[in-house]
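*Asks:* These protein sequence lines are chains A and B, in that order. So the first sequence is numbered by the working numbering: it starts at 27 and just counts up by one. So the second sequence is numbered by the working numbering: it starts at 129 and just counts up by one.
Hints should not be assumed to be uniformly reliable.
Straight-line C-alpha distance at most 30 Å; calculated BS3-like pairs for lysine-lysine [as the list claims (entries may be wrong)]:
(1) B/Lys175 with B/Lys274
(2) A/Lys497 with A/Lys427
(3) A/Lys490 with A/Lys427
(4) A/Lys345 with A/Lys113
(5) A/Lys114 with A/Lys82
(6) A/Lys50 with A/Lys149
(7) B/Lys262 with A/Lys544
(8) A/Lys580 with B/Lys274
(9) A/Lys345 with A/Lys82
(10) A/Lys544 with B/Lys268
(11) B/Lys309 with B/Lys286
(12) B/Lys269 with A/Lys544
(13) B/Lys309 with A/Lys544
(14) B/Lys274 with B/Lys262
(15) B/Lys268 with B/Lys303
Footprint (simulated), chain A over chain B, 3 or more residues, beta carbon under 8 Å [stated by the list, open to error]:
(16) 177 to 184
(17) 216 to 224
(18) 266 to 275
(19) 302 to 308
Some residues of chain B that are not near chain A, with every Cβ distance over 10 Å (derived) [as the list claims (entries may be wrong)]:
(20) Trp169
(21) Gly170
(22) Asn229
(23) Leu236
(24) Phe237
(25) Glu245
(26) Pro246
These are calculated hints, taken from the structure and not from any lab test. Where a beta carbon is used, it is the ideal one built from N, C-alpha and C, also for glycine.
Chain by chain, the residues:
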Amino acid sequence: MIGTVAFSQEKGKISSQLLDLINKNRGDFFTVWVYFEDKGPHKAQRLQEIRTSLSKRSVKRRLRHGYKVLVDKYDLPVYKPYVESIKKYAAETRLTSRWLNAVSLEAKGDAIQEIANFPFVRKIEKVKVYGFREPSPPPLVEMITIPPEAAAHFYDYGSSFTQVEQMNVPLLHDMGYKAQGVLICMLDSGFNNLNHQALDHLDILETWDFVNQDAHVFDEEGQMGSGDHGTNTLGAIGGFMPGELIGPAFGASYILGKTENMEWERHMEEDHWIAGAEWADSLGADIISSSLGYRDQFTHGEPNYNSDDMDGETSVVVKGANIAASRGILIVNSAGNEGSAQPPDNTIISPADSPWVLAVGAVNFRGDRVNFSSTGPTADGRIKPDVMAQGSSVYTARPDKSDGYEYVSGTSFSCPLTAGVAALILEMNPSWTNLDIMEALKCTSSRAHDPDNDQGWGIINAFKAAHFPLKSIHAPDCFALQRLENNYIFFNQYVDQLSWDLNPRNDSKVSFYRIYAKSLQGLEPFFVLIGELSNDTFSFTRRGMLEDETFLYKIVSVGKGGEESDPAYARW
Amino acid sequence: MIKESNIRESESMKKLKLLFIILIFSPQFLLAMDVSLGFKWGYREIKDPDLKEIYGDGYVYKPYLKFFPYAMWGLELSYEGGFKKEGMVGLFQEESTLNINGTQFCGLFRYKVRFLEPYIKFGAGYFSYQQDIKSQFVRKKVDHHKWTFVMGGGLHLKISKILFFLAELEYIPLKVRPFEKEVDLGGFRGVLGLGFNLSLNTLKNFH
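Make a model of the complete structure from these sequences and hints.
*Replies:* Given below as structure tokens:
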């Protein structure tokens, strides 16, 4: 029996939503994340051990990212005795996450309350469930004619020419770059037909099936999963069959993680994604290409996230993605295929909502946004998607035929194309961090001077981004905008509240920030300086908006010598 | 910018005022009528909960003129002023003033019982309301007018042939939508007053 004292202790640890559910159905099973207070004793000694076992690739990436201390608390594994202690209360333990310092498990309501009694348990939350959005079926596959200029390049791209030409990739291939030496982690629903003639050449270092807990990422008899989607994304990024298909990063090394189960939509996929990202970090991956996303469409009666949760810090998967990005991994994620839904359901999915994740929307081969491509802003007012690439009629490898090819559509395919470009840029600029690559891609995309919530910064340009002169100071991080209601009783006026974080890459080089605004109704058609703030102030308020006024804000960091960084944008 | 509807309302208001002045200063009319003049003072509520929280209820004064061409039926012309309140408004708690005043025209039905004279009234009111927000960021100004209806009832208590006390309860709704939001500025009024009977019939009988 659980005593009153014990219950009061549990009460603060168990989230209110979970507590309500437990009180309603104490005997039911719940899937929860159990977060621990700490990672146990002897941290210094264990960190030293981890330091020596860290993979060379991982060390290299972290040094590039400017790590002063190579390992930190996120590298320590979850303390085993804690896990062992609570294991007996769980019907099933699913995964442990060193980044979240948590274990996901399935247990009855009574058992969860017992688990909460342990002093080392910090909190227990219900695992929210989000659904993987299949790419919307293309209304019409447009057969693309290969233009005559294709012949001017070193490789014969066949039917894949337009999708790489649109990103200006062939120029880099002509220069000899093919993403060699870059390690890309593909997280997907499985990878069939890896013997396909366009995939056969790939340098695949590791594979792991997080759904079925084995090393086989292709479909197996009696196992869950579907590997067709992964074959399509892998073909788009790394396929190589001259005259048919050439992906931007055909010379890269790959690790393939199967984290998605297409047969149902349950909590475990989100857990698997984080496990996959931790695995990628351990192996030293430079880039994660994830054509997955989580928000709604759950099965098994599980609750959905809503658009308000897409703020870059709420979903479990985005927390994992943010930690992965802090390790220096560039995460490229599909923006989502919700664009044709009614607002607010047309916005992006998680983890594309993170400020540290490059969210990729879809255009067709003419460069026009396709209507299924999810739009921004995030719940906290940041512009999304970040960039665009071809996501309609993308030519790639067929999963069911070793010499077959097909056209597929969805932001699932603009994502690997962009990840491939990022790999080329990294090959050319091995000292660049994940944030440098994001900055270069955004600043050189087709709409860099007028980003919006339909197409972000526009279609990427591999050649320009690879040659982008990075400045010594950078725009502030996570520049976001919220429009608040100012109720004067008879009418409302609106207040735009801009906020941003310090960019750690700037150290103390920034002396102040300049904030500009531009009206999109033509009142102030050019950017007008509206404020200058010293660098210990991280928010700015602009008052007196009308509800339907749309403004594009831009902020730049100003260095001690008066030099300006490239701008960051937010729009309402 | 002045709305066209406001201009039309101002013109009809002028015509009504002129009609009353002609009636009042017509000697035959005055001789025939029971006329009284007085001053009421009391409390009024603001129905809208947001306005009530910011500005609160308040006091009003109401000078008035009543005349009874018939023994039991009459007319009242009155002005309501005095409601000018300050409050802090909006996210930034800026200083603001709310000012509401208006003119009323009512038909009266009375019943005399010795020195008591209970009455009820129905009519129309033309009210103006202004909200002045002391902020450089405000783009909209509230300075509008609206017709509404008036209903109420009260009691005259005669002290002498020319002097009487009165107590009155009125309800005047005032739902307005100057911009996108509807707000009810109306509510109940409870007033006390003092009146003078100016009827020439009454005065000429004075010795």
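*Asks:* It remains to establish, for every hint, whether it holds in the given structure.
*Replies:* Hints and how they fare:
Taken as a hint, the B/Lys175 and B/Lys274 pair is honoured in the structure, with Cα atoms around 16 Å apart against an allowance of 30 Å. With a C-alpha separation of about 47 Å, the suggested pairing of A/Lys497 with A/Lys427 is violated against the 30 Å cut-off. Only pairs whose Cα atoms come within 30 Å are accepted, and A/Lys490 paired with A/Lys427 is rejected, the gap being roughly 36 Å. Simply put, A/Lys345 and A/Lys113 have alpha-carbon atoms about 24 Å apart, close enough for the 30 Å limit, and the pair holds.
For the hint linking A/Lys114 to A/Lys82, the alpha-carbon distance of about 38 Å lies beyond 30 Å, and the restraint is violated. Note on A/Lys50 and A/Lys149: the hinted pairing holds, with a Cα-Cα distance of about 20 Å set against a maximum of 30 Å. About 27 Å separates the Cα atoms of B/Lys262 and A/Lys544, which keeps this hinted pair within 30 Å; it holds. For the proposed pair A/Lys580 and B/Lys274, the alpha carbon gap of about 44 Å is over 30 Å, so the pair is violated.
Only pairs whose Cα atoms come within 30 Å are accepted, and A/Lys345 paired with A/Lys82 is accepted, the gap being roughly 25 Å. Distance restraint check for A/Lys544 and B/Lys268: the Cα-Cα separation of roughly 22 Å lies within the 30 Å cut-off, and the hinted pair is therefore satisfied. About 46 Å separates the Cα atoms of B/Lys309 and B/Lys286, which puts this hinted pair outside 30 Å; it is violated. For the suggested pair B/Lys269 and A/Lys544, the alpha carbons sit about 25 Å apart, so the restraint of at most 30 Å is met.
Proximity of B/Lys309 to A/Lys544 is assessed by CA-CA distance (about 28 Å); at most 30 Å being required, the pair is judged to hold. For the hint pairing B/Lys274 with B/Lys262, the CA-to-CA distance comes to about 24 Å; that is within 30 Å, so the pair holds. Between B/Lys268 and B/Lys303 the CA atoms are separated by roughly 19 Å; this keeps the pair inside 30 Å, and the hint holds. Counting residues of the region 177 to 184 of chain B whose beta-carbon sits less than 8 Å from any beta-carbon of chain A gives 3, enough to reach three: the coverage restraint holds.
With 5 residues having a Cβ less than 8 Å from any Cβ of chain A, the region 216 to 224 of chain B passes the three-residue criterion, so the hint holds. For the region 266 to 275 of chain B, the stated coverage by chain A holds: 4 residues have a C-beta nearer than 8 Å to a C-beta of that chain, and at least 3 were required. Check on the region 302 to 308 of chain B: 4 of its residues sit with their Cβ under 8 Å from a Cβ of chain A, so the three-residue criterion for coverage holds. For B/Trp169, the condition that its CB be more than 10 Å from all CB atoms of chain A holds, with the nearest at approximately 27 Å.
No beta-carbon of chain A comes within 10 Å of the beta-carbon of B/Gly170; the shortest separation is about 24 Å. Listed as a non-interface residue, B/Asn229 keeps its Cβ farther than 10 Å from every Cβ of chain A; the least gap is roughly 17 Å. Remark: the non-interface label on B/Leu236 is consistent with the geometry, its nearest Cβ contact in chain A lying 34 Å away (cut-off 10 Å). Against the 10 Å criterion, B/Phe237 stays outside the reach of chain A, whose nearest CB is about 36 Å from its own CB.
Residue-level check passed: B/Glu245 sits 40 Å from the nearest beta carbon of chain A, beyond 10 Å. Interface exclusion of B/Pro246 from chain A stands, the closest Cβ pair being 38 Å apart, more than 10 Å.
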